[in-house]
Amino acid sequence: MKVRRGKSTDEYRDGSGEAAVLIDGRVLVLSPLATRLLALIGEGWTDVDGLAASLAAAVGPPTDGRSAEKATADLVRELAADGVVEVRDAEDRPNG
Amino acid sequence: MGLSVVLRYAGAHARQAREAVERCWSDCLGDGLTSYPESVTLDVVLDPDVGTVGQAGARGAVAATGLDELLHVLSPRLTAALVEAHAGRLVMLHAAGLADPGTGRTVALVAPSGTGKTTASRLLGRTMRYLTDETVAVDAGGRVLPYPKPLSVLAEGGNGIKTQLAPSDEGLIVAGGRGPELTGIFLLDRDPSRTAPQVEPVTTVRALALLAPQISYLTRLDRPLATVASIVERAGGLVSVRYGEAAQLADVVSRHVGATP
Chain A
18 MKVRRGKSTD EYRDGSGEAA VLIDGRVLVL SPLATRLLAL IGEGWTDVDG
68 LAASLAAAVG PPTDGRSAEK ATADLVRELA ADGVVEVRDA EDRPNG
Chain B
2 MGLSVVLRYA GAHARQAREA VERCWSDCLG DGLTSYPESV TLDVVLDPDV
52 GTVGQAGARG AVAATGLDEL LHVLSPRLTA ALVEAHAGRL VMLHAAGLAD
102 PGTGRTVALV APSGTGKTTA SRLLGRTMRY LTDETVAVDA GGRVLPYPKP
152 LSVLAEGGNG IKTQLAPSDE GLIVAGGRGP ELTGIFLLDR DPSRTAPQVE
202 PVTTVRALAL LAPQISYLTR LDRPLATVAS IVERAGGLVS VRYGEAAQLA
252 DVVSRHVGAT P
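These protein sequence lines map, in sequence, to chains A and B. Number 79 in this note's numbering belongs to position 62 of the first sequence; there are no gaps in the numbering. Number 200 in this note's numbering belongs to position 199 of the second sequence; there are no gaps in the numbering.
This is chain A alone, in the form it adopts within the complex (with noise of 0.2 Å):
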């Protein structure tokens, strides 16, 4: 699976470590490892399971018996379910 950015205007951070992104005139509150997953996402597609070895250096392991890949797999369809992010199969090029 492979992750960009979606179509959030604005996104903003305090020292709680949350972030806010606006989508569609909605401000969404994103959680301290949601936050930092969407700083390791850029504006061109990613492999997720990359992402799931950067997020694992920085913040460990899940602590719920799931592996990194699986766990930041399920947070990215999360996010994009909110719009935060668009998804990919892997396989799947890109249009145009």
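Please note: incorrect hints may appear among the correct ones.
Said to hold, decoys possible - Computed Cβ-Cβ distance ranges for the label pairs, DEER-style:
| no. | chain 1 | residue 1 | chain 2 | residue 2 | range |
| --- | --- | --- | --- | --- | --- |
| 1 | B | S114 | A | V76 | 50 to 56 Å |
| 2 | A | A98 | B | R221 | 23 to 29 Å |
| 3 | B | R235 | A | G100 | 26 to 32 Å |
| 4 | A | A70 | B | R221 | 37 to 43 Å |
| 5 | A | A75 | B | E85 | 41 to 47 Å |
| 6 | A | G67 | B | A248 | 45 to 51 Å |
| 7 | B | A81 | A | S33 | 31 to 37 Å |
| 8 | B | A88 | A | A70 | 22 to 28 Å |
| 9 | A | G100 | B | R9 | 42 to 48 Å |
| 10 | B | A81 | A | D66 | 49 to 55 Å |
Said to hold, decoys possible - To give a feel for the contact side, a few chain B residues facing chain A, derived at Cβ under 7 Å:
| no. | residue |
| --- | --- |
| 11 | T35 |
| 12 | P38 |
| 13 | L155 |
| 14 | G158 |
| 15 | P202 |
| 16 | T204 |
| 17 | T205 |
| 18 | V206 |
| 19 | R207 |
| 20 | A210 |
| 21 | L226 |
| 22 | A227 |
What the hints assert, rightly or not - Result set (SDA-like, lysine to any residue): computed pairs, CA atoms no more than 25 Å apart in a straight line:
| no. | chain 1 | residue 1 | chain 2 | residue 2 |
| --- | --- | --- | --- | --- |
| 23 | A | K24 | B | A230 |
| 24 | A | K24 | B | G142 |
| 25 | A | K24 | A | R105 |
| 26 | A | K24 | B | P202 |
It should be emphasised that the hints constitute simulated quantities derived from the structure, not laboratory data. Glycine included, every Cβ here is placed at the ideal spot set by N, Cα and C.
Dock chain B against the given chain A, drawing on the hints supplied.
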């Protein structure tokens, strides 16, 4: 709110409409000295003929067959026009605004319609300067532009029509003191069962999410989240207040404006 308003009256009862509007909105009338570079214009039609009113309404006029109804519909239309004119320039909170008449320390009481802004304004405005019960417009420097519109009060048996009361006629303080500067933002949550207020600070990120639905034209602002965050932090952060009665809220606000900045 830093704009001139031009109302063009028409209809069989145009004069009656004008006199009533000027009475209700007397606290927003200019001093004859201050001029504003921009203006908002609305056509106002009071006429007993339904057809005439319908045609005027279709042309965009604020129109009604009765005076109470006209005043009722004028208030939100005028507010909407002013807010639209400032879109992208000011942070406009759906809030009541009250200022300490001595220091200018100003609080915004943010809440959706029908959840206590006008009631709180009527109580607090007797000892604090009433700035608005609807829209607190804040510039980048934290200065609040007063909008002492009529108090819109739901009358018993009024068929949903709100009576428009001139604030000064209701004993509210509407002028004087130092320029209002926003030093407190309270997000109101009225719970009639509460016997004491519950006051909790909110982080800036969470404040942005909580305030966003109560900010007009948020997305028209340049860097909206940073702009609002700057105003929130300048005001000392958002405070969530759950309260039962307006008197509890008055205590919270009085302590805040009385506190050393």
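Now the hints, each set against the structure:
1. Checking the proposed 50 to 56 Å range against B:S114 and A:V76 shows it is violated: the Cβ atoms sit about 43 Å from each other.
2. For A:A98 paired with B:R221, a C-beta distance near 27 Å keeps the hint of 23 to 29 Å intact.
3. For the pair B:R235 and A:G100, the beta carbons lie near 30 Å from each other, so the given range of 26 to 32 Å is met.
4. Range check, A:A70 to B:R221: Cβ separation about 40 Å, and the 37 to 43 Å hint holds.
5. For the pair A:A75 and B:E85, the supplied restraint of 41 to 47 Å holds, since their beta-carbon distance comes to about 45 Å.
6. Take A:G67 and B:A248: their Cβ atoms lie about 59 Å apart, and the range 45 to 51 Å is violated.
7. Roughly 35 Å separates the CB atoms of B:A81 and A:S33, a value that falls within the hinted 31 to 37 Å.
8. The supplied range of 22 to 28 Å is broken by B:A88 and A:A70, whose beta-carbon atoms lie about 45 Å from each other.
9. For A:G100 paired with B:R9, a C-beta distance near 44 Å keeps the hint of 42 to 48 Å intact.
10. For the pair B:A81 and A:D66, the beta carbons lie near 51 Å from each other, so the given range of 49 to 55 Å is met.
11. Hint status for B:T35: violated, given a least beta-carbon distance of 34 Å to chain A, over 7 Å.
12. The interface hint given for B:P38 is violated, since its Cβ lies 29 Å from the closest Cβ of chain A, which is over the 7 Å cut-off.
13. The beta carbon of B:L155 is not positioned within 7 Å of any beta carbon in chain A (closest approach about 29 Å), and the interface hint is therefore violated.
14. For B:G158, the interface hint is violated, since its Cβ never comes within 7 Å of a Cβ in chain A; the closest pair sits about 38 Å apart.
15. Interface restraint check: B:P202 against chain A, minimum CB-CB distance 12 Å, threshold 7 Å, status violated.
16. Taking 7 Å as the C-beta contact cut-off toward chain A, the hint placing B:T204 at the interface holds, the least distance being around 5 Å.
17. At a threshold of 7 Å, the smallest CB-CB gap from B:T205 to chain A is about 4 Å, leaving the interface hint in force.
18. Hint on B:V206 holds. Least Cβ distance to chain A is approximately 5 Å, under the 7 Å limit.
19. Interface restraint check for B:R207: the shortest CB-CB distance to chain A comes to about 6 Å, inside 7 Å, so the restraint holds.
20. Interface hint at B:A210: satisfied, since its Cβ lies 4 Å from the closest Cβ of chain A, which is below the 7 Å cut-off.
21. For B:L226, the shortest C-beta to C-beta distance to chain A is roughly 4 Å, which falls under 7 Å, so the interface hint holds.
22. For B:A227, the interface hint holds, since its Cβ comes within 7 Å of a Cβ in chain A; the closest pair sits about 6 Å apart.
23. Of the supplied pair hints, the one linking A:K24 and B:A230 holds, its CA atoms being roughly 21 Å apart against a limit of 25 Å.
24. For a cut-off of 25 Å, the pair hint linking A:K24 to B:G142 is broken: about 30 Å separates their Cα positions.
25. Between the alpha carbons of A:K24 and A:R105 the distance comes to roughly 15 Å, so the proposed pair stays at or under 25 Å and holds.
26. Among the hinted pairs, A:K24 with B:P202 is inconsistent with the structure: their alpha-carbon atoms are about 30 Å apart, more than 25 Å.
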